[in-house]
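Top to bottom, those sequences are chains A and B. Using my numbering, the letters of the first sequence map in sequence onto residues 159 to 272. Using my numbering, the letters of the second sequence map in sequence onto residues 705 to 818.
No wet-lab data here; the hints were simulated from the structure. Treat the hints with caution; some may be incorrect.
What the hints assert, rightly or not - Covered stretches of chain B, as calculated for chain A (at least 3 residues, CB under 8 Å):
#1 733 to 744
#2 754 to 767
What the hints assert, rightly or not - Restricting the straight-line Cα-Cα distance to at most 30 Å, the calculated cross-link-like pairs of lysine-lysine (DSBU-like) are:
#3 A:160 to A:200
#4 B:717 to A:237
#5 A:203 to B:717
Here the structure is a predicted model, which is why all the values come from computation and not from measurement. Each residue gets a CB set at the ideal place from its N, CA and C atoms; glycine is no exception.
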Amino acid sequence: RKEVEQDPGPFNVPEGATVAFNCTYSNSASQSFFWYRQDCRKEPKLLMSVYSSGNEDGRFTAQLNRASQYISLLIRDSKLSDSATYLCAVTLGGRATGRRALTFGSGTRLQVQP
Amino acid sequence: ETGVTQSPTHLIKTRGQQVTLRCSSQSGHNTVSWYQQALGQGPQFIFQYYREEENGRGNFPPRFSGLQFPNYSSELNVNALELDDSALYLCASSTNFQGTYEQYFGPGTRLTVT
Numbered sequence: 159r160k161e162v163e164q165d166p167g168p169f170n171v172p173e174g175a176t177v178a179f180n181c182t183y184s185n186s187a188s189q190s191f192f193w194y195r196q197d198c199r200k201e202p203k204l205l206m207s208v209y210s211s212g213n214e215d216g217r218f219t220a221q222l223n224r225a226s227q228y229i230s231l232l233i234r235d236s237k238l239s240d241s242a243t244y245l246c247a248v249t250l251g252g253r254a255t256g257r258r259a260l261t262f263g264s265g266t267r268l269q270v271q272p
Numbered sequence: 705e706t707g708v709t710q711s712p713t714h715l716i717k718t719r720g721q722q723v724t725l726r727c728s729s730q731s732g733h734n735t736v737s738w739y740q741q742a743l744g745q746g747p748q749f750i751f752q753y754y755r756e757e758e759n760g761r762g763n764f765p766p767r768f769s770g771l772q773f774p775n776y777s778s779e780l781n782v783n784a785l786e787l788d789d790s791a792l793y794l795c796a797s798s799t800n801f802q803g804t805y806e807q808y809f810g811p812g813t814r815l816t817v818t
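This is chain A alone, in the form it adopts within the complex (with noise of 0.2 Å):
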């Protein structure tokens, strides 16, 4: 089993849909997490670190449940420029060595149609 697991997509979905992701992760001392952009041949970009209590940033929503192990991303009025892969990526977090490497899943292709 996969440390970190996404459904591949692709999600198609028509401009102004609301679409959402979830991401699974395996390891239950996992502390820290992140959803990531990443356009095709380009870097990823950070798009919202994932809090206890959920969090909004504009058009996005991220929600993390720690009893059952995934986030979420919530897009809102989906836009053209939305589409994207999106990782979410999970860390042991804290100081000790090793424990800040991210594990990615292999992302979720989105594509927004007009």
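Could you slot chain B onto chain A? The hints should help.
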């Protein structure tokens, strides 16, 4: 832009050769991590450097080695290149901010081994 820079942007090498990739971290960031991203996959953690010392290593063989310099810039060296080493190599810089270690990626070096 994250302020993380990498060089070169593209590189073509022959199997068995050696390669050095370079990364300059974002100003104020003391930690650099290196990742390998194969096509269609999420980035895989290679190793991390904190204050010039290796601070964690992923499942990569010893022919992958690195350095961090006093100005926090870093190098990734790969010896005895194999065809499977063809990938996008990403470095990410981070620092402790309120207990989290958000990592910001550079544009990457695309390595092709023939």
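Hint check:
{"no.": "1", "hint": "733 to 744", "result": "holds (count 4)"}
{"no.": "2", "hint": "754 to 767", "result": "holds (count 4)"}
{"no.": "3", "hint": "A:160 to A:200", "result": "24 Å, holds"}
{"no.": "4", "hint": "B:717 to A:237", "result": "40 Å, violated"}
{"no.": "5", "hint": "A:203 to B:717", "result": "28 Å, holds"}
Hint compliance for this structure: hint 4 is the single one not met.
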